[in-house]
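Each chain, letter by letter, is given below.
There are 2 protein chains.
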Amino acid sequence: MQIRAASEADWPSIWPFLREIVRAGETYTYERDLSEEDARSMWMLPSPGRTVVAVEEDGTVLGTAKMNPNHMGGASHIASASFMVDAAHGGRGTGRALGEHVIDWAREQGYRAIQFNAVVETNSRAVALWQSLGFEIMTTLPEGFRHPTQGFVGLHIMYRRL
Amino acid sequence: MQIRAASEADWPSIWPFLREIVRAGETYTYERDLSEEDARSMWMLPSPGRTVVAVEEDGTVLGTAKMNPNHMGGASHIASASFMVDAAHGGRGTGRALGEHVIDWAREQGYRAIQFNAVVETNSRAVALWQSLGFEIMTTLPEGFRHPTQGFVGLHIMYRRL
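Chains F and C, in that order, give the protein sequences. Counting from 1, position 116 in the first sequence corresponds to residue 116 in the numbering used here; the numbering is continuous, with no gaps. Offset between the second sequence (1-based) and the numbering used here: plus 1000.
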């Protein structure tokens, strides 16, 4: 698996699984009926943001991450990031590889911390993965997320100093 | 004091004290050299956001607040808000009146909570005001804000259920 900068040519490979994850509405605070155009501009970030893909040797896109400043001005040393992994290619450590990439990128860029603003508490695999990469649950907003089948659940804010 | 929807005609009254607060860089995570054009589009929100001014009987603008969804999709029931009060007219309860207005507005709009994403911990008057209005400090991001004279200080995330 290789992680490299995403280009516009990767979008047709990203959109099908990103759409599936967004449509499910279980793990991200995006509108479930997000259009392809809005999804592309939300995900394919210009500098100082960055979007990457994790690809197999044969070029198959396994997952993607975007990373960007979380705040402006006096808090611009805190980065943010989001991750999408194709369920058809799960269980290969793609999420972990993307997470490690983001941590390295943020450190190289001079960020002092990474903050995840909205990690749905029922997304327990993601929560455990981020914890294993050094992220802490700083707080959980009670009933912060309306899950399509589980009703109102907590929304974690996770943070890792670099 | 009256609180009413802000119109474009109010902007010339808002910009001088908003600029002063942003330039000081002590309380908000905006770029300190924010241009007037960027400030206007950031502050004067279209629906579903809302921007209000607190005005004296003679029409003097004392302060302003903007309110908007904090998240999208499954967390769109959480509102956010920001406040600016003209230091030349401080001590009149303008911040409190604006805060109460925002709470009423958010409740009427069907939000279930209000989340402040970035309250600088050294902004102790604001922290105390929000606490008196029922907001809790959910967590403090360590060294989350670079204060121009006090160095790295904490950044509170505050929350109030409605």
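If you are wondering where the hints come from, they were derived from the structure by calculation, not from laboratory data. Because the structure is a prediction, the values reported are computed rather than measured. There may be inaccurate statements among the hints.
[What the hints assert, rightly or not] DEER-style ranges, computed between Cβ atoms:
#1 C:M1072 to F:P142: 45 to 55 Å
#2 C:E1008 to F:D33: 30 to 40 Å
#3 F:G90 to C:A1088: 55 to 65 Å
#4 C:G1110 to F:D104: 41 to 51 Å
#5 C:G1059 to F:A24: 49 to 59 Å
Even glycine gets a Cβ: it sits at the ideal position worked out from N, Cα and C.
Which numbered hints does this structure break? 1
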